[in-house]
Amino acid sequence: MAPQENTPARPGGTAVSADFAAEALQGIDTARERARLTARLTPLWYGPVAAAALIVPALADAWAQGGGGWAVLLSLLIAPAGLGVLLALVNVVRRGSGVMVTLPWSARLRRAGVPLLVLLAAGGATYGLCRQLGADQAVGKIAMFAVLGLGAWVVLVARNASIGRKLRVAG
Amino acid sequence: MTAASAPGEPAIDAAINHPTRLAVVAFLSACDEAEFATVRGSCQVSDSMLSKVASALEGIGYLAIRKGYVGKRPRTWLSLTPAGRQALALHVAALQGIAATARRAGAAADAETGRS
Numbered sequence: 001m002a003p004q005e006n007t008p009a010r011p012g013g014t015a016v017s018a019d020f021a022a023e024a025l026q027g028i029d030t031a032r033e034r035a036r037l038t039a040r041l042t043p044l045w046y047g048p049v050a051a052a053a054l055i056v057p058a059l060a061d062a063w064a065q066g067g068g069g070w071a072v073l074l075s076l077l078i079a080p081a082g083l084g085v086l087l088a089l090v091n092v093v094r095r096g097s098g099v100m101v102t103l104p105w106s107a108r109l110r111r112a113g114v115p116l117l118v119l120l121a122a123g124g125a126t127y128g129l130c131r132q133l134g135a136d137q138a139v140g141k142i143a144m145f146a147v148l149g150l151g152a153w154v155v156l157v158a159r160n161a162s163i164g165r166k167l168r169v170a171g
Numbered sequence: 001m002t003a004a005s006a007p008g009e010p011a012i013d014a015a016i017n018h019p020t021r022l023a024v025v026a027f028l029s030a031c032d033e034a035e036f037a038t039v040r041g042s043c044q045v046s047d048s049m050l051s052k053v054a055s056a057l058e059g060i061g062y063l064a065i066r067k068g069y070v071g072k073r074p075r076t077w078l079s080l081t082p083a084g085r086q087a088l089a090l091h092v093a094a095l096q097g098i099a100a101t102a103r104r105a106g107a108a109a110d111a112e113t114g115r116s
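Chains as they are written, first to last, in UniProt numbering: chain A, 1 to 171; chain B, 1 to 116.
Isolated chain A, as found in the complex (with noise of 0.2 angstroms):
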């Protein structure tokens, strides 16, 4: 535990050794390490809520390719739906780590931009395997959102797992 405010930590006040800077300096590298560190958790349920968020639109879409008009009226309202509770929540899930730090575009899609495109190639790739072995188009389209859904719940669960590593050897 860090010391307490009473405690005399440097006797004089302004009065500080070398050995008191390097450990200060020391100190505050690894505080605003974990600050950084801390802003980039994710809390647990948002990687369902983005599973769901992806995959529910292909499963009305599929569904209202039986239906009628309201059917597919209402596969078209779901997908623009789940796009939009995806981006509500993305200012939800920044408060949701308890630290918010403003990055700019360029460096989120830079951390984000591998396990995007990753994603994107397998979301892809399943879509085209599913039709190469004969599956119809609704098909292929959810299980390449599964994919994509799953996907994404798997990277922010092993985010979360990378960050708390570094916590701990950051504390």
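Since the hints were derived computationally from the structure, they do not count as laboratory data.
Heads up, a few of these hints could be off.
Claimed, not checked - What the simulated footprint calls covered on chain B by chain A, stretch by stretch (three residues with Cβ under 8 angstroms from a Cβ of chain A suffice, anywhere in the stretch; the number is not a length): (1) 14 to 22; (2) 25 to 33; (3) 65 to 71.
To be verified - Computed beta-carbon distance windows for the label pairs: (4) B:A89 / A:R110: 22 to 28 angstroms; (5) A:A107 / B:G41: 21 to 27 angstroms; (6) B:K72 / A:W70: 33 to 39 angstroms; (7) A:P115 / B:A108: 49 to 55 angstroms; (8) B:A109 / A:P43: 35 to 41 angstroms; (9) B:K72 / A:A52: 21 to 27 angstroms; (10) A:L167 / B:A64: 24 to 30 angstroms; (11) B:G59 / A:L74: 56 to 62 angstroms; (12) B:E58 / A:A71: 55 to 61 angstroms; (13) A:G128 / B:S46: 55 to 61 angstroms; (14) A:R94 / B:A108: 45 to 51 angstroms; (15) A:Q137 / B:T81: 40 to 46 angstroms; (16) B:G61 / A:P48: 28 to 34 angstroms; (17) A:L87 / B:A108: 58 to 64 angstroms.
Remember, predicted model here, so these are calculated numbers, not experimental data.
Glycine included, C-beta positions come from ideal geometry on N, C-alpha and C.
Fit chain B to the supplied structure of chain A, relying on the hints for placement.
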């Protein structure tokens, strides 16, 4: 709050010199704002200690405290003010100066020992 020095020059700031205060200010310097409980956990201090530190730093204009709700739960958010950020920057510069001076002195002493 600072040791005798011209404004804007690196100086050890007595208000954030204590390790607990320094940890809180350093943590907040890396983010826009942070929730009270997160800061408490990350800086490993008690509720009452963080309250005391936050109030003291708010009193001198280094820290802003915002109270709000997430759903029905009350939440307190802490953030560093521009004055707090500047104070930390000057404090860090002063610490780096002390550490660099000590390193130079150490290197000079080593060289002296090598020559004799």
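Checked hints:
{"no.": "1", "hint": "14 to 22", "result": "holds (count 7)"}
{"no.": "2", "hint": "25 to 33", "result": "holds (count 8)"}
{"no.": "3", "hint": "65 to 71", "result": "violated (count 1)"}
{"no.": "4", "hint": "B:A89 / A:R110: 22 to 28 angstroms", "result": "holds, 26 angstroms"}
{"no.": "5", "hint": "A:A107 / B:G41: 21 to 27 angstroms", "result": "holds, 25 angstroms"}
{"no.": "6", "hint": "B:K72 / A:W70: 33 to 39 angstroms", "result": "holds, 37 angstroms"}
{"no.": "7", "hint": "A:P115 / B:A108: 49 to 55 angstroms", "result": "holds, 50 angstroms"}
{"no.": "8", "hint": "B:A109 / A:P43: 35 to 41 angstroms", "result": "violated, 53 angstroms"}
{"no.": "9", "hint": "B:K72 / A:A52: 21 to 27 angstroms", "result": "holds, 25 angstroms"}
{"no.": "10", "hint": "A:L167 / B:A64: 24 to 30 angstroms", "result": "holds, 25 angstroms"}
{"no.": "11", "hint": "B:G59 / A:L74: 56 to 62 angstroms", "result": "holds, 57 angstroms"}
{"no.": "12", "hint": "B:E58 / A:A71: 55 to 61 angstroms", "result": "holds, 57 angstroms"}
{"no.": "13", "hint": "A:G128 / B:S46: 55 to 61 angstroms", "result": "holds, 57 angstroms"}
{"no.": "14", "hint": "A:R94 / B:A108: 45 to 51 angstroms", "result": "holds, 50 angstroms"}
{"no.": "15", "hint": "A:Q137 / B:T81: 40 to 46 angstroms", "result": "violated, 56 angstroms"}
{"no.": "16", "hint": "B:G61 / A:P48: 28 to 34 angstroms", "result": "violated, 43 angstroms"}
{"no.": "17", "hint": "A:L87 / B:A108: 58 to 64 angstroms", "result": "holds, 59 angstroms"}
Violated hints, in rising order: 3, 8, 15 and 16; the structure is consistent with all others.
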